[in-house]
Amino acid sequence: MAKITYIEFLNKKKHVIEVPNGMTIMDGAVQNAIPGVDAECGGACACATCHVYIDENFFNKISKIESAEQDMLDMAYEPNKLSRLSCQIVVNDDLDGMVVNLPLKQA
Amino acid sequence: MIKTDAVVVGAGPVGLFVVHQLGIIGLKAEIIDNLDKIGGQCIELYPDKPIYDIPAIPECTGEGLTKNLLEQIKPFKPNFHLNERVEAVSQNKNEWKVETSKKKIFITPNIIIAGGVGSFEPRKFFVKNVEKFENNGVFYSVKNKNDFKNKKVCIFGGGDSALDWAIELSKISDVILVHRRNEFRGAEHSAEIVKKLEKEGKLKIKTPFQINSIEGEKKVNAITIKNEDGKIEKIKTDCVLGFFGLIMKLGPIAEWGLNLEKKTIPVNTENFQTNKEGIFAIGDICTYPGKLKLILSGFHEGALAARACFKIAKPNVAYRFEYTTTSKSIQERLGVKKGD
Ligand SMILES: Cc1cc2nc3c(=O)[nH]c(=O)nc-3n(C[C@H](O)[C@H](O)[C@H](O)COP(=O)(O)OP(=O)(O)OC[C@H]3O[C@@H](n4cnc5c(N)ncnc54)[C@H](O)[C@@H]3O)c2cc1C
Ligand code: FES
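Protein chains in written order, with the numbering used here: chain A, 338 to 444; chain B, 7 to 346.
For the record, the hints were derived by calculation from the structure and aren't laboratory data.
We put the CB at the ideal spot given by N, CA and C, even for glycine.
It is possible that part of the hints are untrue.
Covered stretches of chain A, going by a simulated chain B footprint (3 or more residues, C-beta under 8 Å) [unchecked claim]:
| # | region |
| --- | --- |
| 1 | 376-384 |
| 2 | 401-411 |
| 3 | 414-421 |
Looking at chain A on its own, in the form it has when it is part of the complex:
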């Protein structure tokens, strides 16, 4: 279990969610109806509509980005060096306290 803080882009509203281990950062957002994550493909790394910016302090703690995800990120809205697809990040205890910034829009 990890406490994840999702921050909306425009109003900077915070949503603190306890996400069980084994679920993804995308699942945590979608199941709690946090606005800003669409996840059209349901987590198949095929839509790039679950794009988020990971807090700098945590970026290196999460699983490394695979090339399929990197390719998909090309299609996201304004990706930067902290960009990830949230469906590709599986939660474990080490991610407790992680902050995830949501983009202005998905697609």
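Chain A is fixed; fit chain B with the ligands onto it per the hints.
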């Protein structure tokens, strides 16, 4: 006007297999798809990637699956209407009228919607005023390359389309290829050609940059691009081409009165009929308790929907359940009946 037993909306794997299920019970189908090719997500999103959970096929690719499905429905000689989007569905006496973007009209007692997540559309630039220039300086495909002859062209993207068009257009126009990172995801070979052309001064590459703005009054005259550190550069250009892949948009299906839930169509699990008699939804587009977005589930849904179509298309004929192994009439329809 085309009359048929069933109109299938969507030529993805599930739409293809339902043609088989309709065919073996003697129903004729017309299939319509917005894409220029057959196969839905399997062909558009992952033609070369392996699938491991098609029953009795340990491994096949998206393209392989599509090919086999086409082979399997060949005996029924289905008509495909590609590059056509189904726009409207309306009641026509006790049948349905289906209209496409090419103004074709179908009259049918049954519509089977196998529309997946909707129709594919190009992903677009997100900058201000970009709509204003669409097809007038800003493009997402190349219809006629001579439109770009002797012009300054900025191409955005890192996949095959971006690389291929950069190579092709560099022969007749002044090309700058812009991509958000230094690596290209398109074929290695094409990436090498692009880099070679850059060395020879035949095109320019700008990475890692993304679009920042489009400038111009009536037509595009410049763009600005920015990199990760916020550094902005201005480029004079006549046209901008964006190749960011496709995105699925539900499109007109949302307007057919089918009580959509989260962009999917609720159906019953007895025959996958929607809230309207004679309109069925199968595959990724349908929803019911326990729905799995898997190809194999879509096949099952199609089998049941096809039987329900039979009762509507032939109300005076009793439906008989038969096996393909032993039914003479099915084997005749398949064209495989051997003389006794
Ligand atoms: C990367 C990836 C990997 C996958 N791997 C697997 C796997 O291993 N196993 C598995 O079972 N599933 C897998 N899937 C899911 C599988 O591809 C889908 O479940 C399947 O494609 C759904 O088939 P469908 O026929 O319902 O819809 P689709 O394949 O989405 O086809 C729908 C078609 O309908 C057309 N359409 C939509 N609206 C209209 C309209 N108004 N007019 C005309 N045409 C229209 C679209 O253009 C499209 O061609 C994967 C998906 C992805 C993205
Ligand atoms: S949900 Fe589609 S890529 Fe993550």
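Against the structure, the hints:
| no. | hint | in the structure |
| --- | --- | --- |
| 1 | 376-384 | holds (count 5) |
| 2 | 401-411 | holds (count 4) |
| 3 | 414-421 | holds (count 5) |
Taken one by one, the earlier hints all hold for this structure without exception.
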